[in-house]
Amino acid sequence: MSAIRSEQPCPEPSALSKLIEAADASGNPFSATTLQTLHNLQHQHLWTSLQIHDISTALEASETPSKSPITSSPDDTTLTLISGIPPHRVYTHPDEQLYMLEQGLREDDLKPERLFVIPTAQGQAWSLRRIAAVFDAMSDVQADETAGDGNTAKAEQLVKYYERREKARKTTEWGGKRVLLAMVDKGMGGEGTVVYYVVQEGEVKPRQN
Amino acid sequence: MDSQPTLPVPISYISGRYLLFSIDAVTYLRREHNICGVLIGTLPQIPQQNVFLGLPLELMPEEARVLVDRDVACIVDEAKAHDGMKSLLEEDRRQYLRELESQGLHASRILSDRKDQQREQALKKLGEKVKAKAAKAADNASASSAQKDESSSVVDIFDDGSNSASRSANMTPESKLAMAITPATSYPPLPQPTSSSRILSKPEVPLSYPLFAHLHSQGYFLSPGLRFGCQYVAYPGDPLRFHSHFLVVSAEWDQNIDLMDIINGGRLGTGVKKGFLLGGPEKTREDVDSEAERVESVRAFSIEWAGM
Numbered sequence: 001m002s003a004i005r006s007e008q009p010c011p012e013p014s015a016l017s018k019l020i021e022a023a024d025a026s027g028n029p030f031s032a033t034t035l036q037t038l039h040n041l042q043h044q045h046l047w048t049s050l051q052i053h054d055i056s057t058a059l060e061a062s063e064t065p066s067k068s069p070i071t072s073s074p075d076d077t078t079l080t081l082i083s084g085i086p087p088h089r090v091y092t093h094p095d096e097q098l099y100m101l102e103q104g105l106r107e108d109d110l111k112p113e114r115l116f117v118i119p120t121a122q123g124q125a126w127s128l129r130r131i132a133a134v135f136d137a138m139s140d141v142q143a144d145e146t147a148g149d150g151n152t153a154k155a156e157q158l159v160k161y162y163e164r165r166e167k168a169r170k171t172t173e174w175g176g177k178r179v180l181l182a183m184v185d186k187g188m189g190g191e192g193t194v195v196y197y198v199v200q201e202g203e204v205k206p207r208q209n
Numbered sequence: 001m002d003s004q005p006t007l008p009v010p011i012s013y014i015s016g017r018y019l020l021f022s023i024d025a026v027t028y029l030r031r032e033h034n035i036c037g038v039l040i041g042t043l044p045q046i047p048q049q050n051v052f053l054g055l056p057l058e059l060m061p062e063e064a065r066v067l068v069d070r071d072v073a074c075i076v077d078e079a080k081a082h083d084g085m086k087s088l089l090e091e092d093r094r095q096y097l098r099e100l101e102s103q104g105l106h107a108s109r110i111l112s113d114r115k116d117q118q119r120e121q122a123l124k125k126l127g128e129k130v131k132a133k134a135a136k137a138a139d140n141a142s143a144s145s146a147q148k149d150e151s152s153s154v155v156d157i158f159d160d161g162s163n164s165a166s167r168s169a170n171m172t173p174e175s176k177l178a179m180a181i182t183p184a185t186s187y188p189p190l191p192q193p194t195s196s197s198r199i200l201s202k203p204e205v206p207l208s209y210p211l212f213a214h215l216h217s218q219g220y221f222l223s224p225g226l227r228f229g230c231q232y233v234a235y236p237g238d239p240l241r242f243h244s245h246f247l248v249v250s251a252e253w254d255q256n257i258d259l260m261d262i263i264n265g266g267r268l269g270t271g272v273k274k275g276f277l278l279g280g281p282e283k284t285r286e287d288v289d290s291e292a293e294r295v296e297s298v299r300a301f302s303i304e305w306a307g308m
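Quick mapping for you: the protein sequence lines, in order, are chains U and S.
Mapping the first sequence onto the UniProt record's numbering, position 167 (from 1) lands on 167, and the numbers just tick up by one.
Mapping the second sequence onto the UniProt record's numbering, position 174 (from 1) lands on 174, and the numbers just tick up by one.
Hints are computed from structural coordinates only; laboratory data are not their basis.
Be aware that a few hints might be false.
[Said to hold, decoys possible] Here are the simulated lysine-lysine pairs, DSS-like style, with alpha carbons at most 30 Å apart:
id : chain 1 : residue 1 : chain 2 : residue 2
1  : S       : Lys273    : U       : Lys177
2  : U       : Lys170    : S       : Lys80
3  : U       : Lys160    : U       : Lys111
4  : U       : Lys186    : U       : Lys111
5  : U       : Lys111    : S       : Lys283
6  : S       : Lys80     : U       : Lys186
7  : S       : Lys80     : U       : Lys177
8  : U       : Lys167    : S       : Lys202
9  : U       : Lys186    : U       : Lys154
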């Protein structure tokens, strides 16, 4: 029995395992989660121009161990974000959708936009402080809108739309800052599922799904 | 209709519950202060056998606290406040009883008036029916004069009917039997502005109060969230007119949040066309002296399933 087993070749590591092994020299225990999320975004959801942002937050300064012995792990001071451009719009505020409808615009007419993703793993300790830290850091890493407006037929409406959106951004009537929360399944053997949730700052009314 | 109770509205504190017994106060607080509460009054014998519950209205401690902080209401120790019953003067008592009796008479008069009206209407309808029948019969038998007499006799019968109706109206005894009135509040015998010795301090509130107060100040109507598996359900307007927008869960700033709870809430909320709202105050109770400061430091995050 044992002779037969030893003769069988060890299965080839998956593309994801190779990616993680190749990059995992930093010693950051969360880098594997980040890479797995990035891999998922790139190959399952076909996002483009993906980047990894390391943001150092002021978590350590304000978070004393005595106050929260559970949440503080050695790597709480740095948060890693991923940003990329999704092939389709991930989120449209209901009021924004109404405005677009009135202007005769479709989601495909708009420029693709960079969106931020927080990679997390199931069972990882999180708190409101951490979520707030991500949102506070995001104003520094402002999303650059990629140019590439080939649609000239609706140029006029588009200009109007972007003006209106700039106004809405200031009043946050179409929702405040938004980010995707990605959670990697690490339980049950880690079958590779990644789920995504839209997190927005403030009270943003739900979409009419 | 826009009856305004005298402020501050007394909230009865009875065995750990905050209750309202005055319908004027209930409608006023709902109309002007976005406080709905939960109606808990039911039939004493068969509590499961009615569809709609009535007075009293139970308030969450958070709701009571918001009202007290706005100086709209005060908390009254109901047991102590009713000690005053014993010291009521005999004369006051008699007057109160007389008042109750006159109210009862008024109610019974209204009731009998309505009964008379209904009877009259019913008889009128009946009379019309008989008339219509008679007219038909007359049409059918218009050829012979003998039958015409018969039709006139039918009219006589109808006349008889009207006579009997008036007779029965005369017969109805002006029942002077007063209805028994059960007052919902005890302010008429007791003085309305309760003496300050019976007013309790501000209600004790759970840690989630700052988020509650924050959302309430934004104009949301909040109700208990058990049926949706959260702490509060937030409605953008009166729950009778609007679907709720959020399932609200509060956490302390450094409280450990299981990510699975976010997924659960987000998924459940999206499934019922609501957002999942997670929030809490940045300051802990040790940091500040008053809850008001905690309310100001609230930050909230709306979570929805991304659908990818």
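Worksheet item: Under the criterion that the straight-line Cα-Cα distance not exceed 30 Å, is the pair Lys186 of chain U, Lys154 of chain U satisfied?
Response: Between Lys186 of chain U and Lys154 of chain U the Cα gap is close to 46 Å, so the pair fails against 30 Å, i.e. violated.
Discussion item. Checking one constraint from the list: CA of Lys167 of chain U to CA of Lys202 of chain S, max 30 Å. Satisfied?
Written reply: Answer violated: Lys167 of chain U to Lys202 of chain S is near 42 Å, above 30 Å.
Discussion item. Lys80 of chain S and Lys177 of chain U were given as a pair; does the straight-line alpha-carbon distance stay at or below 30 Å?
Written reply: Roughly 52 Å separates the two Cα atoms, so the pair is violated.
Discussion item. Next pair to validate is Lys80 of chain S with Lys186 of chain U; report whether the Cα-Cα distance is within 30 Å.
Written reply: Not OK: Lys80 of chain S and Lys186 of chain U at ~59 Å, beyond 30 Å, violated.
Item to complete: Assess, step by step, whether the Cα of Lys273 of chain S is no farther than 30 Å from the Cα of Lys177 of chain U, and give holds or violated.
Response: 21 Å, holds
Worksheet item: Within 30 Å, alpha carbon to alpha carbon, are Lys160 of chain U and Lys111 of chain U?
Response: 14 Å, holds
Practice prompt. Given the hint that Lys170 of chain U pairs with Lys80 of chain S, test it: the Cα-Cα distance must not exceed 30 Å.
Written response: It is violated: about 54 Å lies between the C-alpha atoms, which goes past 30 Å.
Fill in: 30 Å limit on alpha-carbon distance, applied to hinted pair Lys111 of chain U and Lys283 of chain S
Given pair Lys111 of chain U, Lys283 of chain S is violated - Cα atoms ~40 Å apart, limit 30 Å.
Discussion item. Check whether the Cα positions of Lys186 of chain U and Lys111 of chain U lie no farther apart than 30 Å.
Written reply: 35 Å, violated
Checked against the numbered hints given earlier, the structure breaks hints 2, 4, 5, 6, 7, 8, 9 and satisfies all the rest.
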